[in-house]
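Chemist: The primary structure of each chain is shown beneath.
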Amino acid sequence: MSDAALQIEDLAKRYPTGVEALRGVSLRIEAGELFGLLGPNGAGKSTLIHCTTGLAQPTAGAISVFGHDAIDHYAEARQAVGLAPQEPNLDWFLTVEETLDYHAGYFGMPKRERRERATELLETFSLTEKRDERTRTLSGGMKRRLILARAMMHRPRLLILDEPTAGVDVELRLELWHYVQRIKQEGTTILLTTHYIEEAEQLCDRIAFINEGRIVGEGTSAELASEYGVGNLEDAYLALVGRKELSRSRIELEAAS
Amino acid sequence: MSTAQIRFATLWRREVNRFMKIKKQTIGAPLLETFLYISVFGAALGSRIDKLHGIDYVVFVIPGLIMMAWSINAFANNSSSILQQKFQGAIQDQLSSPASPVELLLAFSLGGFMRGLVVSVLTFGAASLLVDLPVDHVLVLIPSLFLVGFFFSQLGVLIGVRAEQFDDVAFAQTFILQPLIFLGGVFYSATLLPEPFETLTHFNPIFYMINLVRYGFVGFSEVSVALSLLALTAATAALFAVNLRLFSSGYRLRA
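Protein sequences appear in the order of chains A and B. Under the working numbering, read the first sequence as residues 15 to 271, first letter to last. Under the working numbering, read the second sequence as residues 3 to 257, first letter to last.
Excised from the complex, chain A in its bound form:
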């Protein structure tokens, strides 16, 4: 069997506060897949991502990225990963262009290549006019674009998007969807966490539900709906979080009767 883009086995994470964020998560994402991770706030999505990228240290279990152990061979594993985190974590001292340039430098990209790649991504994410501005002066949407461009700078084989469309306007959301589909076609594996069910449904090849630190369902949108005995992914998600009464199909049915 060829190496998975991301293979997680029995991953557990207990924070020093005693909170058990992950309780034996196992997951396999194949190369070239667009994989969605859905779950309520505090389910363990960001912790799983942080363990994968080295921002959190697993308590137990194993993570490998394209066959490289994320702990023992962290350099090779991290080289393959690009992370667009949920919270804007931009360096206030840097300009937009410097943000991209420095990030690529951390990943060892030579100067000429950095400059060309930055120009390309600034254009793609409509940031060219802002290239010399300090990051703290950017609007929320612009910061989101920059975070995505930064994650793409070193041409990662696995791109992790942690709620990339949270709080962005419709225009940017659609732009991002197009971009995500384009880079997927180019062969990039994508792990997407989102709260927007339609986003996961439209973009993802496979989806996993995570709740209370455990993977509680995995498959295509149709498979998950079938597993929960409902008609669509949204209802499956509502069943997961115990809020079936919010089901739109159910409300419509009740209104009609």
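Heads up, simulated BS3-like pairs for lysine-lysine below, C-alpha to C-alpha not over 25 Å straight-line:
no. : chain 1 : residue 1 : chain 2 : residue 2
1   : B       : K23       : A       : K125
2   : B       : K25       : A       : K144
3   : B       : K88       : A       : K157
Looking from chain B toward chain A, a few residues come up when the C-beta cut is under 10 Å (computed):
no. : residue
4   : M3
5   : N19
6   : K23
7   : Q86
8   : Q87
9   : G91
10  : Q94
11  : D95
12  : S251
13  : L255
Bear in mind the hints are in silico, worked out from the structure with no lab data behind them. Glycine included, each C-beta is placed from N, C-alpha and C at the ideal position.
Assemble the complex: chain A is given as a structure, and chain B must be docked to it using the hints.
Modeler: Here is chain B on its own, set in the frame of chain A:
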């Protein structure tokens, strides 16, 4: 350049870029402060003070001021840079890169080291215009200043990593570092102090650092130069080892 060299150069460039972008605060202000010390203690008060150990008072004071400038700036730069990046979350960009703990630690350390170097060289240049400042033992002076700079860079990193709020950094600088520096003999000779203060001064590690730098400039030291150099080297190496352990374990850097 290899991938690792590019990575390290970028990490280091980020730290230097940070303080150069706010150079009025990071270079200008400490330079003015040191210049004011030289003016007040050297030109104003110094003219009324006899020579100390056969050395003009202003010349006696300047080596300590240069050492103080390097140490405080190296410390302040690294502690605040790391804490700011932790607050912003921006440090995640470096931490999720393939950079090793050694690369990260050295890059953060060298940021403050460079700021201290710039301020000290400018202070030396300005002081040389005002007084005839000798450099008697350059082979002691340069290693001593480099060790002092690296020691306080490491101390800044340690406090920056441990700190959870800006108050923690301010506390370390205002209530620990500055009193130790001021009471370490920058402005006076320990032999002038009554007991038990003279003896107590010998328990202050900064006293030895000041004497090393003073020996490098004017050829006078109140303590053994060789022993002081040895102790400073050992202390710097120990601090580096502690920091490397923190970076390797991810203490207060990785969740």
